[in-house]
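**Q** Protein chains in written order, with numbering that gives the first Met the number 0: chain U, 0 to 325; chain L, 0 to 325.
For the record, the hints were derived by calculation from the structure and aren't laboratory data.
Wrong hints could be hidden among the right ones.
Which copy? The list can't say, so a pair holds if one copy fits it or any two copies do.
With a Cα cut of at most 30 Å, we get these calculated DSS-like pairs of lysine-lysine [claimed, not checked]: (1) 5 / 39; (2) 156 / 257; (3) 39 / 88; (4) 156 / 61; (5) 3 / 257.
Computed from a prediction, not measured in an experiment: that's the story for all the values here.
There are 2 protein chains.
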Amino acid sequence: MEVKRKGSLLSFRPDIKVLDATLRDGGLCNNFEFSDTFAKALYEMNVAAGVDYMEMGYKASKAMFDVNKFGKYKFCDEEDLRKIVGENKTDMKLAVMADVGRTDFAKDIGEKKDSVIDMVRVASYINEIPRAIEMIEYCKKRGYETCANVMAVSKAKDEEIDAALQMLGESPVDVIYLVDSYGSLYPEQVAKLTLRYLDFGAKYGKTIGVHAHNNQQLAFGNTIEAASWGASYLDATVNGIGRGAGNCSSELLLGFLKNPKFHIEPVLRFITDYMLPLREQGVVWGYDVPYLLTGRLNMHPSSAISFIRAGRTDYETFNGELLEKD
Amino acid sequence: MEVKRKGSLLSFRPDIKVLDATLRDGGLCNNFEFSDTFAKALYEMNVAAGVDYMEMGYKASKAMFDVNKFGKYKFCDEEDLRKIVGENKTDMKLAVMADVGRTDFAKDIGEKKDSVIDMVRVASYINEIPRAIEMIEYCKKRGYETCANVMAVSKAKDEEIDAALQMLGESPVDVIYLVDSYGSLYPEQVAKLTLRYLDFGAKYGKTIGVHAHNNQQLAFGNTIEAASWGASYLDATVNGIGRGAGNCSSELLLGFLKNPKFHIEPVLRFITDYMLPLREQGVVWGYDVPYLLTGRLNMHPSSAISFIRAGRTDYETFNGELLEKD
Numbered sequence: 000m001e002v003k004r005k006g007s008l009l010s011f012r013p014d015i016k017v018l019d020a021t022l023r024d025g026g027l028c029n030n031f032e033f034s035d036t037f038a039k040a041l042y043e044m045n046v047a048a049g050v051d052y053m054e055m056g057y058k059a060s061k062a063m064f065d066v067n068k069f070g071k072y073k074f075c076d077e078e079d080l081r082k083i084v085g086e087n088k089t090d091m092k093l094a095v096m097a098d099v100g101r102t103d104f105a106k107d108i109g110e111k112k113d114s115v116i117d118m119v120r121v122a123s124y125i126n127e128i129p130r131a132i133e134m135i136e137y138c139k140k141r142g143y144e145t146c147a148n149v150m151a152v153s154k155a156k157d158e159e160i161d162a163a164l165q166m167l168g169e170s171p172v173d174v175i176y177l178v179d180s181y182g183s184l185y186p187e188q189v190a191k192l193t194l195r196y197l198d199f200g201a202k203y204g205k206t207i208g209v210h211a212h213n214n215q216q217l218a219f220g221n222t223i224e225a226a227s228w229g230a231s232y233l234d235a236t237v238n239g240i241g242r243g244a245g246n247c248s249s250e251l252l253l254g255f256l257k258n259p260k261f262h263i264e265p266v267l268r269f270i271t272d273y274m275l276p277l278r279e280q281g282v283v284w285g286y287d288v289p290y291l292l293t294g295r296l297n298m299h300p301s302s303a304i305s306f307i308r309a310g311r312t313d314y315e316t317f318n319g320e321l322l323e324k325d
Numbered sequence: 000m001e002v003k004r005k006g007s008l009l010s011f012r013p014d015i016k017v018l019d020a021t022l023r024d025g026g027l028c029n030n031f032e033f034s035d036t037f038a039k040a041l042y043e044m045n046v047a048a049g050v051d052y053m054e055m056g057y058k059a060s061k062a063m064f065d066v067n068k069f070g071k072y073k074f075c076d077e078e079d080l081r082k083i084v085g086e087n088k089t090d091m092k093l094a095v096m097a098d099v100g101r102t103d104f105a106k107d108i109g110e111k112k113d114s115v116i117d118m119v120r121v122a123s124y125i126n127e128i129p130r131a132i133e134m135i136e137y138c139k140k141r142g143y144e145t146c147a148n149v150m151a152v153s154k155a156k157d158e159e160i161d162a163a164l165q166m167l168g169e170s171p172v173d174v175i176y177l178v179d180s181y182g183s184l185y186p187e188q189v190a191k192l193t194l195r196y197l198d199f200g201a202k203y204g205k206t207i208g209v210h211a212h213n214n215q216q217l218a219f220g221n222t223i224e225a226a227s228w229g230a231s232y233l234d235a236t237v238n239g240i241g242r243g244a245g246n247c248s249s250e251l252l253l254g255f256l257k258n259p260k261f262h263i264e265p266v267l268r269f270i271t272d273y274m275l276p277l278r279e280q281g282v283v284w285g286y287d288v289p290y291l292l293t294g295r296l297n298m299h300p301s302s303a304i305s306f307i308r309a310g311r312t313d314y315e316t317f318n319g320e321l322l323e324k325d
């Protein structure tokens, strides 16, 4: 690499924002069935830890998903959020994720002035970018900050990525996220992709973020790799909770960042008081061999999740099954 | 960084050697009480997986350590090793570790021609380098390959590291290891240290190796970071077994390396058949919050191990205790 890293280990970068995705990505582990007590303690903890954004969950379509089969953080109704955050009179902003094709955005996303939500993160696959931009334009007009989370770029060709970044560059989106959906990227690849995203970001005035997965125990490593080249929105979850192998752990990330506004202590207390009980209740997440196997083959983790749920431990056989599908 | 990385993700580097440290570093988790069945299966698995070196354990002084209180891999008597490996008529070489000050090397290390051991890895702190070199010279004279594993360099000043590398450069040692004993180094630091080691390596014709710990979930990331700049001896253990947070996992490393001589399947089978039962027997290793806390403070993991053994989960209090010691 001939490009310079941005800052050094001892410097702190005021451009870096930490986004806590515990309720949203963690909700994929427990059907979004977090108690109000948990959500309120998480909210207060994030404020105390200096987290910049807290993602409250999804804005999922109630026509597509049965409200009786999921916890409230799948839908993020305004009144449910206000029960947790009140008017959110803090410096921390609130985000929700809206999946292209799974959100009735014209129905469920109103005016910013009537909502405690500050940012809408639009998640789409790379072939759905025009539909993502439609949602981004809709949300921007109503006063929200917006993110585009382009999923599974590890499957995309360079020219597809460039085309996507070009379209997003010309859109009103604020932040473009590099998302390693399958936890398949190695740090060298993350560095190259981050620089590619930053090129378009510099041209069009967009900020770049990173959302990593821990299939190969690289979620934290890849997050700080992307940050070292200039990505500034960094996703994390407490104790790494998230689908399958999970995410970059807040305690690792906040323990690394040098900005004195960040504090690791509230996270540590929250792990003791809330995350360990969650594990004891049977909620499962984190690195395990089957996730490595889907990650290194650049595949969706769903088959690994099924393998683990079935109580199987025959990893070699599972690897053979994956190779047949690949 | 202006220096070029060595090779790329798709290239394979014939200079890369994988060393399995399962019995040695893993032995720190179970007092080296591995069964013959386990050791023999591990040996056969490593051969099948294409591993280059298998570390059989320590050559510890029987005057200092009671043979009744440790498994045989703490001492690695020749007859015990031969029970497992026979004459070792394979392409895989065998290593033992000898700690400066804890080995009666003149008594316990004989001539290479009478031993199945190929390599002696001499471990020392940076202030013990002259004593390490005494052992290295002794072992080289008797026909062994030698490594110098300089521990805890994260605590050393640059000028101390340079002085150590200078002395080792002028010694007959074959391989000099960058060892992140406390799991405190971030990839950027590993890159810089690796380049520093490689500078001396190039000057004196020494090979550079890396031994990482997983306190911050960076053992694999740091290992491939070091490799990407030119380190070529890479330590791993099956399923990451090792003291505290453990090591770089063989399955991650062999799943990453591109040399077709490496195979992940035997490792997967071994995890199912031998490592899962070890966990069920109560042997504990791997990433946990207390190891992150000692790692980020650049401290020995012993207090984290005690914390976990005591059944404590008050991470915030523990962090406060560490800060008082720091």
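**Q** Taking each numbered hint in turn, which are not upheld by the structure, reported in ascending numerical order?
**A** Per hint list: 1, 4 violated.
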